[in-house]
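S.K.: Chains X and L, in that order, are what the protein sequence lines are. Each residue of the first sequence is one higher than the one before, starting from 346 at the first, in the working numbering. Each residue of the second sequence is one higher than the one before, starting from 2 at the first, in the working numbering.
It should be emphasised that the hints constitute simulated quantities derived from the structure, not laboratory data. Since we're looking at a predicted model, the values are computed, not measured. Be aware that one or more of the hints could be misleading.
Said to hold, decoys possible - Mimicking DSSO-like on lysine-lysine, the simulated pairs with C-alpha atoms at most 30 Å apart in a straight line are: (1) X/372 to L/81; (2) L/54 to L/81; (3) L/133 to X/372.
Claimed, not checked - Pairwise CB distance ranges (calculated): (4) L/355 to X/359: 50 to 58 Å; (5) L/392 to X/376: 56 to 64 Å; (6) X/351 to L/392: 51 to 59 Å; (7) L/26 to X/359: 47 to 55 Å.
Virtual Cβ for every residue (Gly too), placed ideally from N, Cα, C.
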Amino acid sequence: MDVLVILIPVSLFLGAVGLGGFFWLLKRGQFDDPEGDANRILNGDYDDKPKR
Amino acid sequence: MLSLPGIHCAACISTVENALAKAPGVHEARVNLTLKRALVEAGPEVTAEDLVKVVEAVGYEAHELDPGVLATTAADRAAKDLLMRLAVAGFAMMNVMLLSVAVWSGAEGVTRDMMHWISAAIVLPAIVFTGKPFYINAWSALRHGRLNMDVPITLAIWLAVGTSLYETIHSGEHAYFDAAIALTFFLLAGRYLDYRTRASARSAAQELAAMEVPRALRLTGDGSPESVGVADLVVGDRVLVRPGGRVPVDGTVLEGTSEIDRALMTGESLPAFAGPGTAVSAGEVNLTGPLTVEVTAAGEDTALHRIADLVAIAESGRNNYTSLADKAAKLYAPGVHILSALAAIGWYLHTYDLRLSLNIAAAVLIITCPCALGLAVPAVTTAASGRLFRKGMLIKDGTAMERLAEVDTVVFDKTGTLTMGAPHPVGLEDLAEDAQGVALSLATVSSHPLAEALTGALRDLGRLPAPLTDLREVPGYGVEGRWNGQPVRLGRASWMGAEAPALTATFLQIGDQPPQAIPFTDTMRPGAAEAVAGLMASGLRVILISGDTKGAVDRFAAEIGIDEVMAEALPDQKAARVTDLAGEGAHVLMIGDGLNDTAALSAAHVSISPASALDAARVASDMVLLGNDLAPIADAFKTAVKARARIRENFTIATVYNIVAVPFAIAGLATPLVAALAMSSSSITVSLNALRLR
Numbered sequence: 346m347d348v349l350v351i352l353i354p355v356s357l358f359l360g361a362v363g364l365g366g367f368f369w370l371l372k373r374g375q376f377d378d379p380e381g382d383a384n385r386i387l388n389g390d391y392d393d394k395p396k397r
Numbered sequence: 002m003l004s005l006p007g008i009h010c011a012a013c014i015s016t017v018e019n020a021l022a023k024a025p026g027v028h029e030a031r032v033n034l035t036l037k038r039a040l041v042e043a044g045p046e047v048t049a050e051d052l053v054k055v056v057e058a059v060g061y062e063a064h065e066l067d068p069g070v071l072a073t074t075a076a077d078r079a080a081k082d083l084l085m086r087l088a089v090a091g092f093a094m095m096n097v098m099l100l101s102v103a104v105w106s107g108a109e110g111v112t113r114d115m116m117h118w119i120s121a122a123i124v125l126p127a128i129v130f131t132g133k134p135f136y137i138n139a140w141s142a143l144r145h146g147r148l149n150m151d152v153p154i155t156l157a158i159w160l161a162v163g164t165s166l167y168e169t170i171h172s173g174e175h176a177y178f179d180a181a182i183a184l185t186f187f188l189l190a191g192r193y194l195d196y197r198t199r200a201s202a203r204s205a206a207q208e209l210a211a212m213e214v215p216r217a218l219r220l221t222g223d224g225s226p227e228s229v230g231v232a233d234l235v236v237g238d239r240v241l242v243r244p245g246g247r248v249p250v251d252g253t254v255l256e257g258t259s260e261i262d263r264a265l266m267t268g269e270s271l272p273a274f275a276g277p278g279t280a281v282s283a284g285e286v287n288l289t290g291p292l293t294v295e296v297t298a299a300g301e302d303t304a305l306h307r308i309a310d311l312v313a314i315a316e317s318g319r320n321n322y323t324s325l326a327d328k329a330a331k332l333y334a335p336g337v338h339i340l341s342a343l344a345a346i347g348w349y350l351h352t353y354d355l356r357l358s359l360n361i362a363a364a365v366l367i368i369t370c371p372c373a374l375g376l377a378v379p380a381v382t383t384a385a386s387g388r389l390f391r392k393g394m395l396i397k398d399g400t401a402m403e404r405l406a407e408v409d410t411v412v413f414d415k416t417g418t419l420t421m422g423a424p425h426p427v428g429l430e431d432l433a434e435d436a437q438g439v440a441l442s443l444a445t446v447s448s449h450p451l452a453e454a455l456t457g458a459l460r461d462l463g464r465l466p467a468p469l470t471d472l473r474e475v476p477g478y479g480v481e482g483r484w485n486g487q488p489v490r491l492g493r494a495s496w497m498g499a500e501a502p503a504l505t506a507t508f509l510q511i512g513d514q515p516p517q518a519i520p521f522t523d524t525m526r527p528g529a530a531e532a533v534a535g536l537m538a539s540g541l542r543v544i545l546i547s548g549d550t551k552g553a554v555d556r557f558a559a560e561i562g563i564d565e566v567m568a569e570a571l572p573d574q575k576a577a578r579v580t581d582l583a584g585e586g587a588h589v590l591m592i593g594d595g596l597n598d599t600a601a602l603s604a605a606h607v608s609i610s611p612a613s614a615l616d617a618a619r620v621a622s623d624m625v626l627l628g629n630d631l632a633p634i635a636d637a638f639k640t641a642v643k644a645r646a647r648i649r650e651n652f653t654i655a656t657v658y659n660i661v662a663v664p665f666a667i668a669g670l671a672t673p674l675v676a677a678l679a680m681s682s683s684s685i686t687v688s689l690n691a692l693r694l695r
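This is chain X alone, in the form it adopts within the complex (with noise of 0.2 Å):
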């Protein structure tokens, strides 16, 4: 049982982890227009000014 003393928090700290990312994704914008990314691969244009 003593192993619990160790895996409890760390399945806690990866479920924390996957909530924070969603929060930055969320914060991000990134699922403010899902169908214009969506489309947005298949642009055929060149991006002269890469964000860096």
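Go by the hints and put chain L onto chain X.
M.R.: Here is chain L on its own, set in the frame of chain X:
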């Protein structure tokens, strides 16, 4: 910010973005395809009007979006907020469920206590945060002395958390942390789905106001025009309306002759003659010649504004609709409270153990959890609107589907709805080939819709324009010229002394010969006949109401097979007819596209407009057809009926679960494991049942 209703593909995005980026003064432009909008960052010298022109130059329809749209961004934020709470609840639920598995599989003593404590540590902050929408709703309902679905939810959540905490402190056997957070999660999921279907609905009256022409050309004392805001015009001012421009005010024509397109205001398919003394109203389009108009009403007194008011009144009437979910909540909320209170009192009288009886009360509240009920409606609505979206129909209002299922009477508008609103000449073969050539040359001169249709049709027949001289457009009447030394004319019947027929027609006169009529029909919209036939086959009463002339409407009704007809209806008469039908107990589905239909669209039980409809009409209706085809309407009705059946089934499923599980809870047999199983399985069954619609 610009609205771009026409964009749909990857190429559209890059065309529009590149065009906007090249416009002077623009720093950045980004298209949002999901919302069909473009967000432009530009210097202060750039006006939205310039940008609209830029986008239109590359072939896309664009409109300026005013700050009224800010309301939508607020709705977006609310949806994002719900999504965030849903994520937190999901995270907490998964972890607590994992910990609970240990307890269910027989952890005892210290281990069980530890699991309970960790669960409590996760659930307490999570539940305070995630349940906030329910608490706020429940509190506002209680404050007004009412019960809604959120009251038992809040009570169940906090009673469960409270007793579980008490049990945990006293090393008790059962803790319902998992049930409490799972309940919140499922309910939030339902709430979020509900929100998304509703997000696209906006206030119709707002956009109608934005439609009004903001500027007008006022004639100063010396006769030169100056551009002024419509709000600055007063009665008695004279304004100039150029050909192709929209009339900014209600007024009387002083000088000039022209033809005006009243289709948006009245539904008349044929442009009307306008000369000195003719009354014109705001929103009509001036077609051929410049007009000087004396203002008789401006701003809030115009006919256009009165229609906007009609819409606002009609909308407030419809908000009284109670959805199936609300009806269920009204039965459900008091029932649950009474049941759980009775269970608690019964156990207390039986055992005199307060702790046990509170535990039972919490278990009853959780087992009767409305999460299946909370999912029952939104899951079905989401599935059904997804299905209809693929068929080319957009649902804008959350309860529209339910209302559509109740419909027993369908009212169609004619011009622009059942027809394309574009005239098409018939019987051209009756004209001599020479005459056809003459007609073509004459028609090419004018930008009148009938002339343009005639040009197109004659070109399609392969005719070449006859050589004419002295070509001249006579605004309000037609076009004249000379051919082989004799005068030729194309235009109104009255211009050539012919009798005006009942149907839409233009006349051609060559020399001294009697004028010949070229009749036009309005092309029927694809799928219109199928839609009407389908709706009739479903046993619905179909009525045609149009602002067009009696002859044209009757002929069209006979062609498409509608028996009940009302012609020459004014906008308020349309709305009144719809209200009358509702008064007779009918549930009316209104399908229309023009400004003259907006009031009727809002007054109807549920309404649909085609994509080509005016913005205001689209906003006023509950559903919008995405393509030109009307056929999805009959299908939508069937889907709606099916969706309502699914919702009823879902309620039945949820109730059956409750009936089976409640005796367990009252008997004190509802362990956390039973609660979790009952809750998840009922929610999943309900969602799966909804998915059968797809």
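S.K.: If a hint holds in the structure, say so; if it does not, say that too.
M.R.: Tested hints:
The straight-line distance between the Cα atoms of residue 372 of chain X and residue 81 of chain L is roughly 9 Å, inside the 30 Å bound, and the hint therefore holds. For a cut-off of 30 Å, the pair hint linking residue 54 of chain L to residue 81 of chain L is broken: about 34 Å separates their Cα positions. Distance hint between residue 133 of chain L and residue 372 of chain X is fulfilled; the C-alpha atoms sit about 20 Å from each other, no more than 30 Å. For residue 355 of chain L and residue 359 of chain X, the hinted distance range of 50 to 58 Å is not satisfied, since their beta carbons lie about 41 Å from each other.
Between residue 392 of chain L and residue 376 of chain X the beta carbons are some 25 Å apart, a value that contradicts the proposed interval 56 to 64 Å. For the pair residue 351 of chain X and residue 392 of chain L, the beta carbons lie near 54 Å from each other, so the given range of 51 to 59 Å is met. Taking 47 to 55 Å as the suggested C-beta distance range, the pair residue 26 of chain L and residue 359 of chain X conforms, at roughly 49 Å.
Hints 2, 4, 5 from the list above are not met by this structure, while the remaining hints are.
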